[in-house]
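J.: Given next are the chains, with one letter for each unit.
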Amino acid sequence: MTDRTERSRRTGSGPGRLLVAVYGILALAATARGVYQVATKLDEAPVAYLLSLGAGLVYVVATVALATDRRTLAWWAVSIEMVGVLTVGVLSLVDVGDFPDETVWSGFGQGYGYVPLLLPFLGLLWLWRTGRAAEVPARPTT
Amino acid sequence: MIVPLALLVVALCLALGGWALWFVVRDRAVVLRQLWGGAVIEAVLLLQAVVAGVLAATGSPDVDGVLLWGYVLTQLLVLPIAAAWAFAERTRWSSVVLLVAALTVAFLEYRLLQIWGTV
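If you read the sequences in order, they're chains A and B. Position one of the first sequence corresponds to residue 1 (our numbering), numbered consecutively onward. Position one of the second sequence corresponds to residue 1 (our numbering), numbered consecutively onward.
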């Protein structure tokens, strides 16, 4: 690690490099799944499959925003994602019809090793930490 | 899916992942040689895609084509994108990214076997 005082730490560097990679993999997985579901069996459970595709697109936005240091957009995408995984998770627990069936967020993301549940918390933590670093003006190292 | 080919893919992914893990422990960034290792995996994946294409065309097992090719394409994309993303970072985190990517490809191989109906 290089010792440097950063005016603003980029969200896509250091540990953020890993965060973006995991977001990217989920974006790919969720979007591909959503496109497949919408393209092949939309009439079976339209709400669930459109939600599935929507969730994939949220991950795509979050990935791009974090990778390119677009902080505001990243805050929005990660927050929406947190609301999404918690809402769909709870709804799939109480089992409301076929609504939350077969999406990345079903059962709090258990089909993906609960990574979708963990990720928004890590994302917000990372945005908060890098944001705080940005607020502190660069001090001369003594 | 040809089982020996799938086992080869998983073995190579675990080898690359182990190599990356070693670099994480040693606090080192990804080196060019590891990317060549990734290229070898990509070559085997391409070979597998051709074999799967031939088998599917001759109608061997009755698989969902869209699902199968979705996975094949996704699996081909993971390593090149992740490797490029990892290589730009010159800290140990680049090795962590490569490790995650290698494990992802191995997991996708397992899902492919499921779709093919061999597991």
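Think of the hints as simulated: they come from the structure by calculation, not from any bench. This structure is a prediction, so every number in the text was calculated from the model and none was measured. Hints are supplied without guarantee of correctness; some may be wrong.
Incomplete in silico selection of chain A near chain B, CB under 10 Å [said to hold, decoys possible]:
1. S13
2. R17
3. A67
Just a few of them, taken from the derived set where beta-carbon distance is under 8 Å, the chain A residues facing chain B [to be verified]:
4. P15
5. V20
6. V22
7. I25
8. Y36
9. T40
10. P46
11. I80
12. G89
Glycine included, each C-beta is placed from N, C-alpha and C at the ideal position.
J.: Which hints, by number, does the structure contradict?
T.: 10, 11 and 12
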